[in-house]
Amino acid sequence: MATFLLRRLLLAIPTLVGVLVVVFALLYIAPGDPVMAMVGERADSATIAQLRHQLHLDESRPKQFVAYASSVLRGDLGTSFITGRPIARDIAQRFPKTLELASAAMLLAVVLGISAGVVTAAYPGGWLDRLTLAFTYLGISFPVYWVGLILILVFAMVLRWLPPSGTGGLAFLVLPAFALGTRSIAFLARMTRSAMLEVIGSDYIRTARAKGLSRAAVLARHALRNALIPVVTVIGLDFGSYLTGSILTETVFSWPGLGRYVVNAIGKRDLPAIQGSILFLSVVFVVVNIVADLTYAATDPRVEYA
Amino acid sequence: MSACRGADSTPQRKTFIDSRDRYDPRSLDPALSTDVPTGRAVSYVFDGLTRFTVDARLAPALAARWDVSPDGRTYTFHLRPHVRFHDGQSLRAADVVHSFERVLDPRTKGGRGWPLFPISGARAFAAGSTRTIAGLATPDDSTVRITLDTALAIFPKLLAMPVASIVPDSDTTNFGEHPVGTGPWRFVRWQHDDYVLLAKNPSYWGGAPHLDSLEIRIVPEPSTSVAEFQAGNVDLLYVPEAETDRWEHTDEKNAFLVTAPALRLWYVAINCTRGPLRDPRVRQALNHAVDVGTILQRLVGGRGTLAAGVIPPSLDGADTTRRPYAYDPARARALLTAAGYPNGFALQLWVGQDETFQRIAQSIQAYLAAVGIRATLVQRDNSSAREASRHGDADLFIKDWYADYPDAEDFLDPLLVGANRGVGGNVSFYENPSVDDLVARARTTADSAKRAALYQRADSIAFGDAPMIYLFFYNELYAVQPWIRGFKAPAIFNGQRFLDVSIVGPGAGGANAGAPRDSTTHP
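Here the protein sequences line up with chains S and Y, keeping their order. Note that the first sequence covers residues 1 to 306 in my numbering. Note that the second sequence covers residues 1 to 523 in my numbering.
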């Protein structure tokens, strides 16, 4: 177990170095200039040249990369070209909001998705099963942006149960979490259902039923635990993607998370902010994946970590 | 905060909530005010020596009055007495010098020095070659004398820009997130990408605001701001162009609409240095080929006045008798034939991310096709499109220009003067020595009637050369909640500071209960 963890952590290093290189290269290939965003609509070339020099943008690309990489190795993500604020602090302010939203979405997905999967698997072919199936089709197909706007229309504007956007109490979390989690709810429901059906058809379930256990006990104790193994993988992947890419949801619901920060930084070509936040999000993604792998051991005793 | 409120009832709050900002201000430091959200927020917390009124007229602010020397080069500003910063310090002349030095100091990395460049020695100081600005003097604690390189009649207008706001001469760390000014609103809290909260300055020299506090919400998605408005959670809304009809022609009983012409020109820059576009007849043909009136009605909800020049009709120098280019495809074809392009030619029309711009670009593409010009749409993110246009890589680029100060010079100089080609704002790469000369002469002309005449001639000459497809001057359209009193649509972005705005109804008379965010001072 410890060796597994160590190996995975070591393997993460080349991944992150790769991210660093690729992001840097992409940013310098892409058109757009951070200084143009700094000076606004009316500027003069002397000011622009001076800023380029001060920000070391007039140096060679390899030199810029070495300077950036070495400051990252020292644990310094630098300061934003545009705002002058430290990137690490910007991330620290916004990531908790992203984590909050992603966790809420994942919680909804786990609770609603898995229960829907179990219930429909218990009565396959029934009206509930068919209805859920239809909903899951829609849930997987609808784009999150559209789902978000529809949720605002129905629950904030027509019914007036919930606030349309912003932050505050728990009420503000409900709609964005639903919008973000819709796809996972639908996907987990379908996965759980098919995994459950597969397990229910296997011999040991028949044995469990034969020894006199109730249908509910068999489903919960024997079938679900085994069916959950592939589901955990999906949860890990989805959670990772929510933590790193809830940009559209954050935009529709004015949610002040890291996704919008990255998009704004890209719009203004704020190079240190883009590089720092993408590097941070890559670390998050790697960590989530390692945690997901470790979770297999808890659900599936056959998995060994050598 | 209650989860939601009915739009029919007056909210139980004395906080005015604005939903206009689509992205977080860059900073609350005046020296970094290069975008509209920053400029607006800075104008609430700070004052300049001068300011703009809601209808974009110049008015005294921290300078109660000023004198100009006969040669027009020296301005003496007499500071308003008994003005205090939010932290209690008194305003002194040294604060003005400090403020301007901060803006120009290379270490600030603001990139917004140009409004102060007319001051003698400002450029040298900004380049780091001098330690003081030669043109700034403080004869006493309440007087600032500013010497310019050359006479500049519009200089007091430049000082009303957010970047020239006065900050206290004390080194505060992280000023951009904890600003201290003399303005009507003092800083309380800033949750990035979420909101900025300001509380009224009860001892404001111009009289305290009626409202208790002002909350600037950051709402990136226009549809969401509409939803927030209809739920009654925000008091002020920019009505999206595409929704103009719905708001104007349906019974929106919960809101009233306020409109005002903005000092804002929408246009298609024609790069005068590229291919067939070098010929003025071709550029005139482009103007005749496009039915701008129909575009304005159908795609922008009729919110504007057709442009026959770059100077908005409300500014001195505008020629309101000049007729816009008529929609006349036959004339356009004739001009193209005369220029040697009877079968038209191909060009690229660049456009950024704005949805209305994109719709207009598609429409222009179709109009151009009708006279034989094959336009390819090149759609890029704003940053890339702007950079291409500044480098002269775009044949046509659809954009707008929003005044920094209410003067014809702010349209003529950046958009049409040869020295400003590229990054200076002239992305038509237009150069005409007579226009350059007229604008330069106007700058040093003190007599406002003579200046207006020079502006008018410059605008008229350029109009004939057609360095752009002249579209229209844009009208802002706001929706304001019925419980709001005293809101006027500003003609310039920093003209509305919410001093005369109030909330009426049961909520306004009571205690501060129900205020969405408490206004306690940030530690």
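Just so you know, not all the hints are guaranteed correct.
[What the hints assert, rightly or not] Simulated coverage check for chain Y against chain S, where a stretch passes if three residues somewhere in it have a Cβ under 8 Å from a Cβ of chain S:
id	segment
1	211-223
2	376-386
3	451-462
No wet-lab data here; the hints were simulated from the structure. Remember, it's a predicted structure, so these values are computed and weren't measured experimentally. Backbone N, C-alpha and C define an ideal beta-carbon position, used for all residues, glycine too.
Here is how each hint holds up against the structure:
1. Coverage of the segment 211-223 of chain Y by chain S holds in this model, with 6 residues showing a Cβ closer than 8 Å to a Cβ of that chain against a need of three.
2. Counting residues of the segment 376-386 of chain Y whose C-beta lies closer than 8 Å to any C-beta of chain S gives 6; at least three are required, and the coverage claim holds.
3. For the segment 451-462 of chain Y, the assignment as covered by chain S is violated, since 0 residues bring a beta-carbon within under 8 Å of that chain's beta-carbons and 3 are needed.
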